[in-house]
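Chains as they are written, first to last, in this note's numbering: chain C, 1162 to 1534; chain U, 32 to 322; chain W, 9 to 435; chain R, 12 to 269.
None of these hints come from the bench; they were simulated from the model. Take these hints with a grain of salt, some might be off.
Below, a list of computed lysine to any residue pairs in the SDA-like style, where the Cα atoms sit at most 25 Å apart [to be verified]:
1. W/Lys68 to U/Thr86
2. C/Lys1487 to R/Lys29
3. W/Lys68 to U/Ile138
4. W/Lys244 to U/Asp91
5. W/Lys244 to U/Ile180
6. R/Lys29 to C/Glu1370
7. W/Lys394 to W/His227
8. W/Lys125 to C/Lys1487
9. W/Lys281 to U/Leu175
10. W/Lys334 to W/Ser412
11. W/Lys68 to U/Ser161
12. W/Lys244 to U/Ser161
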Amino acid sequence: MTSPERALSSGAGVRVRLPVWLPGRILVAFAAGVALLWAAPLVLPVGEYTHNVVGLTFMFMAAALAWNWLGGYVGQISFGHAAMFGAGGFVAARLMLTLGLPFWVAWLAGGLVAGCYALLWGHPTLRLRGPYFSIATIGVGEATRLVATYWSGFTGGSSGLSLPLGGGPTKFQLYWYGLYLLAVAVGLSYWLRKSRIGLALFAIKEDVEAAGDLGVDATRYQDVVLFLSGTMVGVCGGFYASYQTFIDPQDMFSFDRSISFILMAVIGGIGTILGAAAGAIVFVVIQEFLLANYSQLYLGLYGTLLVLIILFEPLGLTGLLIRVRKLFGYRPRPDIAAGGLKSAAVGVDARGSTADQGVAPVEQSAPGERGSA
Amino acid sequence: MAEALTLAVSAVLLAGFYAAMAYGLGLIYGVLRIVNLAHGGIIMAGAYLTWQLFTRFHVDPYLAIPVVLVVFFLVGVTIYYCLVRFLPRGPAGAVQSLLLLFGVWLIIRNLAYLLFTGNDQAIRTTYSTSSVSILGASYSLNRLLVFGISLVALIALHLFLTRTYSGKAIRAAGQNLESCTLVGINVERVYVLTFGLGTALAGLAGLLASTLFAFNPSFGAGELLKSFVIIVLGGLGSVVGIASGAVVLASAEVFSIYAVPSYLTSAVGFVLLVVVLVLRPGGLFGQKVLR
Amino acid sequence: MNDIPRRARIGRLSALVAVATLVAVACAPSQSNREQEGSAAVPDKIVIGSTLPLTGAESKAGGRMKQGYELAVELENKDGGVDVGGKKVRVELKLLDDTTDQAKAVNLAQRLITQDKVNFFLGTYSTALVEAQSTVAEQSKIPYVNGGGAATSIYRKGYTWIFGTLAPVENLATTEMEWIHQQQAAGKLAKPAKVAILWENTSHGEDFRKGVQDFAKAHAADYKTVVDESFPLDGKDFSAVLSKVRGAKVDLFMVDAHLPDFITMHRQYLSTKMCHQVITYGARGSEADAREALGQDGVSYILSAVWWNKQLGSKGLNKEFVDAFKAKHDADPEWYQATSYEAARALLTAVSKAGSVDKQKVRDALSVLDIESILPGSKLSFPQDKGGQASYPFVVQQNLPDGSSPIIHPSEVATGEGVTPNPGCKS
Amino acid sequence: MTAILVGESVSKHFGGLKAVDRVDFHLDDGEILGLIGPNGAGKTTLFSVAAGSIPPTAGRVLLDGRQVSGKSAHRSVHLGICRTHQIVRPFARLTVLDNVLVGHHYGRPANVPGGDPHRVAREILDFIGLADRAGRLPGELTLAGRKRLEVARALATGPRVLLLDEVVAGLNPVESARLLDLIREIRGRGISIIMIEHVMHAVMSLSDRVVVLDLGRKIAEGTPSEVATDPVVIEAYLGRDEDDVQRQPGGAEEQQRA
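Just chain C, same shape as in the assembly (with noise of 0.2 Å):
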């Protein structure tokens, strides 16, 4: 196969092999995507304030897609992405106040260091399993806010940092950057889930022995996953440090920070692609909604929403859809229908041994319905 790079620098004409698992209409839908989303303010005319919120979503998205990747894929709920969030954008913050680096620098800088405190306190942790690693995540993220809020020395403590106004580009700018972040947070997300190494997730997801005894690594499949994910939030984190020119650790650290991103996750299906990103908007657009109108519903409004999500469709928007399609004849494959992963088994797919398709009764089950105490 060929590398992903060539796969996308391949013009019209030139034909070059894709791997199995990313197959040329998506990669062609994806470039479309990206390109009508990189044009669309030039040509539509969307209020300023519309533009720039909607460039703030494509970060929301981005991270949201981040936290999916060790929540949904691996399966290990995190309470305590903020802890990286925060990380990556105070790091970015006083990169570019005190040695006014370009922001961009600064934010996979802040990344990075997110993404290796992620591995600090998760390569210990991940050995965990189910709530014994939410609540170890809960810890490392109390724990990161209080001590970021007591060393002022970095973090400017109680009073946070604040940004040179019209150092770094404008939010108005700030949307293509956003579209860029949400772009590659995309292609990981595919590549994370539909190459191989998605297998190997979803096995440490549904059984992380049985994963063992086949061969999989689990320590180091969750030790990327956590990397990739802390430095993809940590970037996200700049990104806001950018957009809102001063941070403060009561607010970059904050559990409900963390919980932002979980929602958004359930909301759209959890371990789904596309879901975690539908989420991310309707999460935005329920608070851009509630917030001039019912500002003192909203809390009840995401409670009453998780409740509804995790009683009558796990799967999120994502279940919905496949409800709807299913209204219309549609029969998916029994392992997305149950939740589980459209793999490898796509080429076989192709390959034309589609016979067995979907003739199984396909009851909706829930995730992990199959998990004994």
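Given the structure of chain C, go ahead and fit chains U, W and R onto it with the hints provided.
What follows is chains U, W and R alone, placed relative to chain C:
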């Protein structure tokens, strides 16, 4: 030296409250193996109920205990029947329960905002600021009472779990589900009972909190997190462990003033949490399940 | 595909990321047409944008601020609106709820400014929110006056569009220390006095601490700071900090805390039979909630300093304000309403002084503004050397056993005599 | 014949309990070795040690003279030793084919050539008799089907030694007969096998040699006929009943995971 002693005593008193705070979480985890993220919300609600009883009907907080217990037992039963019951058992269920119950917490918080606004409330009884002197140093009467009640709760819980049929059933369910069903224990009933009991205990913690602290609808987050730390320190789901965990956390917080700036004392708990989880998943005092 | 080692894949992946980023950095269309000139033509209506924490942790304060802003606008409109170059223009207040959330405060300001095109902005409440929000105002070059951000850090950034009517919390500490100093000079207090400073870890607390310390340093012979500790918000147990204080045998117990921590800490303070010659919790102590939660004996002789107090309301502008407020809400205004009222009034005055709604002109007018005020010192200006933050003495009150809290300092507005050392302490 | 897998006085203790106690064993190339013993004899624990899932308390297991014990499970797999589970644990939300692909992608020793994974996986499924189920979820298979899947996944890792834990337990005579033939064919492919079995006729008919464990110790070894008549073995089987002993190792393992 005398100062250290005073600190030690206040650490123990604080531990009393912490333990009361963690019983509910620990019990529910020990049996249903789910982490009740609504715990903090229940504590907050408990405080508000006590406050309402006090301001509207002039019921002394400590006399309100039975009311609070009953009310929140029912609340717990309701939550179980309407929501938790539908979760898949096992690991996947555990993860979903985190999200589900977090949703419940958000709802409770929002209700409190709508009903009582975001203002800080506090209960002042005639004895709110009166004190008792032990070994020369004087301690808040309220804190002593809270400690006493927490102790009683611990003993009562212990007796209930060891002496009564239902209690033994709960412990059995906590230890080995299969054999429970084999010997014909109605697991569903046990779960309802446990969840109700756990919630009632959380309500009690709220009541105790309301006598000590000022509170508002976002109250409870810190309590939830500390309860986590405690049940992890004590070994998830062991009653005696919880008490010991509470003592460890309280002492760590109180005495860390000598080591770290007082601002970071609460961070100490969380660091402790992660370290223990990683090094001794069974908890400092080994994995005892409700014994 | 399957024979490529995983490392290679990961390596290639990172390459891909790198490429993507480079591309990203390469191109981002720059700001498109932004109409920045606030048309000098006098419109028939001035829209003032604002957000306040009407829900969430600060909802109480937010609600009070709202009353202040609204009252000012209302009074202005009573006689047809603000006079802009001879033309009366009605004023409209567009106020949204930022739910005590930084990101929302920022986004809403964004929306009001870029989408609803409000002419000017009245700031939100609490330092954290103002700090975040002010950056938006500065970026979009719109006059931003707030009555809710006290921390000096807001005004130290060299921003030119931000103005605040809350005097720095440092002044709070300084004013209290001044009074204490007088008492000490009168021989009523220990000399040198041992000082304990306990401050919540927020900019509010930091400024308080700075105020006390600077004063103590300035009078090194008279004051020794022996305890200097910060504590996190919503602490549950202060026995450790308090026992430090007890151990240090201090004379002045100087704390800066917000209400819940004040209540929790002072309960422990009382129940452990602590007592000092002077007790203060910064701005806390005189409010009804405190008396409610701690009892009269609990709060007696506590020193508190606020930006404004209705006891100032006997004459002139103050009378006008207090009466108008009572007429509208039939309740007594507190400092929240006063500072927000003054913020709105200052903005509107600046507009008519500028005789235009041009943002630049109004900003300039604000920067040189110097008007009669209801605030202590009865003058309001936004000195540039203070970064546009008003600066005036606080009013120091002391709770007396009879339930009253007379102003005891500064003397020109004093309504009662201060008592010290704290008679509450036996032995 | 040369021994491919050798266990040198392997011991595994859980707290006070000696689940496996100084057991020596060897598996010859291309051999089928039966591992039997009453409940709680420590058979599964021995498997776990051999497969690297859990480290031995003492002793070691060598595959072609290279140590496989005490490493993590996935390393052992890459060295060419793979185990199946007594209670099948397929990846419930992956199709049968994907289940096999996991083994193929991640289990193969570096030197084993890959080839087109889907073709290989299909071959294995054909061989195992699940080809027509490739697109289904494991949940839709019969128990026999799931047991086959368990074996198929293990085969996909291209093992040289296969550890089968009670593969025929719970199957009806017809199914188990089929599965036994399958195991012979697997051996025919040059894969050496150790199988834990309670179904005696299965072990006796299939094994070249049998090792008998009781209470963690090796009490007998020899041809099926030899051990079948060995009084010690008979005593061990009829003598006592240690269902409760069985619990503890399991319990202990649970704790380790938690």
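Just pull the numbers of the violated hints for me, sorted ascending. Of the numbered hints, 2, 8 and 11 do not hold.
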